[in-house]
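K.L.:
If you want the building blocks of each chain, they are given just below.
There are 2 protein chains.
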Amino acid sequence: MHVDRERLRRDITETGAFGAIETDEGHGRTVLTGSEADRDAREYLVDALEAAGMDVRVDPVGNVAGRWVPDGADPDAGAVALGSHLDSVPRGGIFDGPLGVFGALEAVRAIRASDREPLRPLEVVSFTEEEGGRFGIGTLGSSVAAGDRSAEAALALEDDEGESLADRLSAIGFRGEDRLAPAAWDAWLELHVEQGTRLEAADASVGVVDAITGITNCRVVIEGTADHAGATPMDERTDALVAAGAFVQRVSEAASAIATEHPAAVATVGDHVVEPNVRNVIPGRVTMELDIRGVTGESIDELVDRIRAALGDVARAHSVEASLDRFRDDGPTEMTGRCVAAATDAADAVGLDARRFHSAAMHDTANVARVTDAGLLFAPSEGGVSHTPREWTDWDDCAAATRALAGAAARLAGTEPT
Amino acid sequence: MHVDRERLRRDITETGAFGAIETDEGHGRTVLTGSEADRDAREYLVDALEAAGMDVRVDPVGNVAGRWVPDGADPDAGAVALGSHLDSVPRGGIFDGPLGVFGALEAVRAIRASDREPLRPLEVVSFTEEEGGRFGIGTLGSSVAAGDRSAEAALALEDDEGESLADRLSAIGFRGEDRLAPAAWDAWLELHVEQGTRLEAADASVGVVDAITGITNCRVVIEGTADHAGATPMDERTDALVAAGAFVQRVSEAASAIATEHPAAVATVGDHVVEPNVRNVIPGRVTMELDIRGVTGESIDELVDRIRAALGDVARAHSVEASLDRFRDDGPTEMTGRCVAAATDAADAVGLDARRFHSAAMHDTANVARVTDAGLLFAPSEGGVSHTPREWTDWDDCAAATRALAGAAARLAGTEPT
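If you read the protein sequences in the order shown, they are chains A and B.
Count the first sequence with the UniProt record's numbering and you get residues 1 to 418, in order.
Count the second sequence with the UniProt record's numbering and you get residues 1 to 418, in order.
Be aware that a few hints might be false.
Simulated restraints on C-beta separations [what the hints assert, rightly or not]:
no., chain 1, residue 1, chain 2, residue 2, range
1, B, Arg-316, A, Ser-256, 12 to 22 Å
2, A, Glu-236, B, Arg-91, 23 to 33 Å
3, A, Glu-236, B, Ser-323, 26 to 36 Å
4, B, Ala-156, A, Ala-17, 46 to 56 Å
5, B, Ser-319, A, Arg-308, 20 to 30 Å
6, B, Asp-329, A, Asp-313, 34 to 44 Å
7, A, Ala-202, B, Ser-323, 32 to 42 Å
8, B, Arg-328, A, Ser-256, 33 to 43 Å
9, B, Glu-14, A, Glu-236, 50 to 60 Å
10, A, Glu-236, B, Asp-348, 23 to 33 Å
Chain B residues, not near chain A, derived (Cβ > 10 Å throughout) [what the hints assert, rightly or not]:
no., residue
11, Arg-279
12, Glu-302
13, Leu-324
14, Asp-325
15, Gly-331
Read the hints as simulated data drawn from the structure, not as lab findings.
Everything numeric in this text was worked out from a predicted model, so none of it was measured.
Ideal Cβ positions, reconstructed from N, Cα and C, are used throughout, including at glycine.
Generate coordinates for the entire structure from the input sequences, incorporating the hints supplied.
P.N.:
And the structure:
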């Protein structure tokens with residue numbers, strides 16, 4: 001099978017020009033769902049799918065799928081679907097998303113041009129609003145397709161300007177009536193940029209993910225007493241920030257301890273708001289949001305338990321009121337063994353040393369994996385950076401990872417490996 | 001000498017009605033410099049000064065003074081001036097400021113009605129913009145009168161709406177052309193609410209301040225590396241917030257240690273800003289502003305030294321970049337011995353057990369003390385609260401503290417004590 005590096009480069013580069021931004025530091029773009037740039041990117045994809053001989057469908061939340069039923073395939077058999085997303089964060093890069101969509105298209109083109117005859121239909125998919133950049137909820141389109149959320153609920157979401165997803169999709173002509181049902185797919189594969197440095201450090205072109213991290217979020221509030229910074233002696237203070245400082249230390253220590261056994265376990269206090277936040281007033285309240293991740297539910301639960309205990313210790317030691325609200329739990333997602341094996345075998349077959357590791361970021365694949373067999377492949381991110389115009393993946397790496405994707409899809413679709 | 005409790009109550013209550021706010025928790029008011037409420041309060045004062053037989057002057061920044069030259073006094077002798085301010089913070093109380101202005105007026109009325117014949121002129125003063133509530137700089141009017149700042153510079157200051165102090169004062173008819181020169185005063189006394197609980201705890205009606213705290217401000221910046229909260233393992237992080245948490249602990253510990261020897265010494269991290277402050281991003285930078293106080297320059301310097309050393313320790317331990325900018329030093333101000341003695345003797349003479357302590361808050365008296373002899377008296381604050389509608393001082397305490405003020409003024413003006 002021949003993956004055409006230049007064709008892939010052209011698709012990604014031309015798509016990257018939609019919503020392109022002025023920048024001194026790389027190829028940046030802003031493609032928010034329902035924007036002109038989003039319409040242009042979607043129309044480019046539809047044209048490319050049709051040019052590759054695929055039938056295009058658009059579902060009610062704007063998810064796009066191109067379908068090819070090979071001559072020897074059973075049209076009623078579950079498809080092997082491949083894809084990712086086309087939207088970006090504000091001032092994002094050109095690979096995060098498009099590599100997976102156009103890599104999928106290139107993989108299908110390569111299979112089609114080969115002497116293989118898949119036994120199952122193949123689909124190329126682009127999910128809506130993966131980044132949550134406009135409507136605030138990440139992996140939105142795939143959550144609807146996977147049945148976790150109704151199309152009505154998603155369409156009613158409003159952006160900062162009060163416009164609904166329904167209106168934004170109608171405005172760009174991508175509020176469809178077709179059906180995308182991952183539950184009916186036989187298998188799913190996504191190729192994405194790593195957004196980390198493990199492939200770069202190993203000088204490898206492709207990674208095969210064995211699990212997508214679970215994310216737990218907690219809101220912690222520490223209440224002391226706001227008071228005059230001059231008139232309140234040190235021994236009469238109940239300073240919420242001093243207590244919060246001790247707590248932040250303890251969160252970091254707890255995660256470092258758990259990480260010695262579970263390297264994927266991390267905990268971060270990223271959002272930290274002090275009130276009243278005035279120089280000459282002792283802080284009365286600190287509100288924090290914690291991001292806790294791990295690839296096993298046990299490691300996450302153990303971390304939350306330790307953090308809860310640490311908060312109790314801090315509250316007692318500093319005489320503050322403290323509360324912890326575990327308000328979000330997206331559990332870890334294991335990839336399906338046969339998808340992992342197909343990707344690993346395919347990489348081997350083209351001479352690539354595929355690395356196995358977990359994904360610390362969330363992906364549409366986590367939604368799809370709840371309803372069908374799923375796999376996730378990574379291409380290297382230079383310097384590990386993403387969500388910035390500095391995001392970059394070498395074109396040779398793009399092509400190599402796409403070769404692994406094509407081989408994996410061919411295996412799952414029932415052709416013999418070459 | 002007879003201080004008229006009801007007359008004092010009426011002056012404070014009627015002035016408290018200007019800018020009065022709706023509240024369920026007490027008598028609140030918002031009197032920002034140059035507002036209608038400020039004009040009403042100033043006009044009420046001018047009328048009351050004139051009714052008490054005083055000549056009224058207004059200087060270019062709106063400071064108001066009423067002057068009485070007793071029959072037996074040398075009109076060219078340095079005056080004994082008493083006063084405070086009429087402006088408030090937004091949603092402040094009715095005693096912070098007006099007690100000192102109308103207490104001064106009541107003291108002069110009491111002296112005038114007595115059989116004493118002072119040898120020096122007496123003045124009742126109200127300084128502009130003590131709170132800094134509209135133009136951002138506290139004790140503004142007294143800083144101009146004391147020569148620390150030019151009238152031009154003060155008049156050019158703009159509020160949040162872009163209106164200058166000059167315009168605001170012109171609009172209310174209080175941009176005067178007279179001269180107020182504290183340097184020419186023989187002595188100055190201010191009566192103010194304590195804004196603390198020391199008098200209440202001692203069940204005392206009057207406090208005599210021996211020193212006004214010095215305030216040093218530092219800006220501390222800790223720089224780590226903002227990074228993906230999921231993809232960055234615990235042992236590869238440079239988390240600015242974890243380092244800042246350790247630093248905040250150390251600031252509190254350093255101040256508590258110094259406070260065992262210098263009880264007035266305090267240090268507060270009140271302003272604490274995390275960047276980017278997003279839940280799933282490791283904090284890259286924390287910017288803090290510190291408020292450090294003490295009644296000796298040595299205690300403040302020692303505290304800053306310890307904080308600087310702690311910051312160095314934290315930077316090394318957490319591999320972060322850290323900087324400390326000591327951007328403001330308003331040194332401590334000692335009150336003048338003869339003013340302290342006059343106030344203490346006067347309190348004794350009327351059977352009040354005057355407490356001696358420092359002021360942890362800044363006052364106009366700190367500016368005046370740089371150019372002439374000065375003293376500061378406190379009346380109790382119920383519960384220690386101020387800058388809120390819940391601010392309250394019992395009317396009996398107002399009258400008692402005013403009796404001490406009147407006695408002190410009479411002593412400084414050269415009459416014999418009764």
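K.L.:
Are any of the numbered hints broken by this structure? If so, which, sorted upward?
P.N.:
9, 11
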